[in-house]
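2 protein chains.
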Amino acid sequence: MTQQQSKLYQHGTLATLVPGLFAGTMKLGEILKNGDTGIGTATGLGGEMIVLDGRPYLVKSTGEIDVLPAETMVPFATVHYADHDLPATVVHDLDEAHLGDVVFDKRALKNIFFAVQITGKFSHVKTRAVAAQERPYPPLSAVADQQAIFTEEDSQGTLVGYFSPELFQGMAAAGFHLHYLNDTHTMGGHVLDFTVSEGQLTLQPFSSVEQHFPVDNEEFMAHDFDLGQMDAKIKHSES
Amino acid sequence: MTQQQSKLYQHGTLATLVPGLFAGTMKLGEILKNGDTGIGTATGLGGEMIVLDGRPYLVKSTGEIDVLPAETMVPFATVHYADHDLPATVVHDLDEAHLGDVVFDKRALKNIFFAVQITGKFSHVKTRAVAAQERPYPPLSAVADQQAIFTEEDSQGTLVGYFSPELFQGMAAAGFHLHYLNDTHTMGGHVLDFTVSEGQLTLQPFSSVEQHFPVDNEEFMAHDFDLGQMDAKIKHSES
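In order, the protein sequences belong to chains A and B. Numbered per the UniProt record's numbering, the first sequence finishes at 239, counting up by one with no gaps. Numbered per the UniProt record's numbering, the second sequence finishes at 239, counting up by one with no gaps.
Check each hint, because a few of them may be wrong.
As the list claims (entries may be wrong) - Here are the simulated lysine to aspartate or glutamate pairs, EDC-like style, with alpha carbons at most 16 angstroms apart:
| id | chain 1 | residue 1 | chain 2 | residue 2 |
| --- | --- | --- | --- | --- |
| 1 | A | Lys110 | B | Asp216 |
| 2 | A | Lys110 | B | Glu219 |
| 3 | B | Lys7 | A | Glu210 |
| 4 | A | Lys7 | B | Glu210 |
| 5 | A | Lys110 | B | Asp224 |
| 6 | B | Lys110 | A | Glu218 |
| 7 | B | Lys106 | A | Glu218 |
| 8 | A | Lys121 | A | Glu198 |
| 9 | B | Lys110 | A | Asp226 |
| 10 | B | Lys110 | A | Asp224 |
| 11 | A | Lys110 | B | Glu218 |
| 12 | A | Lys121 | A | Glu153 |
| 13 | B | Lys121 | B | Glu198 |
| 14 | A | Lys106 | B | Glu218 |
Think of the hints as simulated: they come from the structure by calculation, not from any bench.
Excised from the complex, chain A in its bound form (with noise of 0.2 angstroms):
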């Protein structure tokens, strides 16, 4: 593994979403110079984006798929560089509520931040996407209630995203937060459940972590955050 491989980079916080933050701070082209897979959403929450093989896919609540432009600006995103050359372990008939069984059966990794990717067949899987927002915005937990719901049976895709420490909640969402996408690319979004019939689950862990903030963002910069009730919003929001 390189250097570059050990290292998650995250542009904003999940934080900052939660009061309805949602104006795009970051180029995509900026951001994807620090990885080539990964997970994230766009301006105004206009969807679930999916970053494979460099390749920025958003999955809007229209159904759509669109490949985002480089111009595109985002206010969240998580990418990092795969590493081609890690073991993958074959999984049978797991599900979203097994998944952590088999991830930590193994190894202790429940500190440190890594990516999840699986490849394979799916023989179900239920995804969201948030509807985009127009300003003034409201609360991710209202939009998170307005959410659009997609199922799938018997799709062959890729599932990716990372496994954050409980101690970050609110800089990413603690636990597992994945993204899918089906290999015609007509189906993806946000994870809610998943069965993989048969794959290959890998698993990157992160020595580092580089969290960029939007320090040119006057909205950002000034904002005052109420972190009391974050966990709860984000519990609410991101399952």
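Chain B: place on chain A using the hints.
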């Protein structure tokens, strides 16, 4: 400001120290490849570290101040490359209680990490240094209760440290976390109180913070952190 000067680097988290994981997990020489200025501690909480112009000093609870060798193992340290081109503000009769007023009066900085440096004449400085611990290590709160307290009137010296946003409580100490060293290297430590009679205040905001984890330390990787009382425990230990 160069890209390097706009990044804060931290090895270990404050949360790791709270239950008593005081073993050094990274060589100081490696840490100092990421900055020439900063604060930290040493294995077993051997004292209060302050890094100035690339030289790492350790203020011990005995009052002795050592220059640490590069091989010293460190569980927690935060460093950056000081930008000497930043403008300084002249401050008069500024005390610890009013530092926040002066810092936040003109600039919205509370949502990002930034470095604070004050050089000049201090009419009063009160510091503490924790006592070196042996295994089995006690929790951090028990160590804080055994600290040595030092005071000095009318010294010339340098105060260095960081402001961390509230969201990152546990990764770092939210708010200001400052260490001091006088110019004769005879008094210093973790700052509890100060009054600078005449000095130069410099703030260095960071667009990124890189959090590095002790991924090869089994004790850290396997530890079951209880974050329930983290905020209260940090406030007890760090103020």
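Go through the numbered hints given earlier and state which of them the structure violates, listing their numbers in rising order.
Nothing - there is no hint that the structure violates, so all of them hold.
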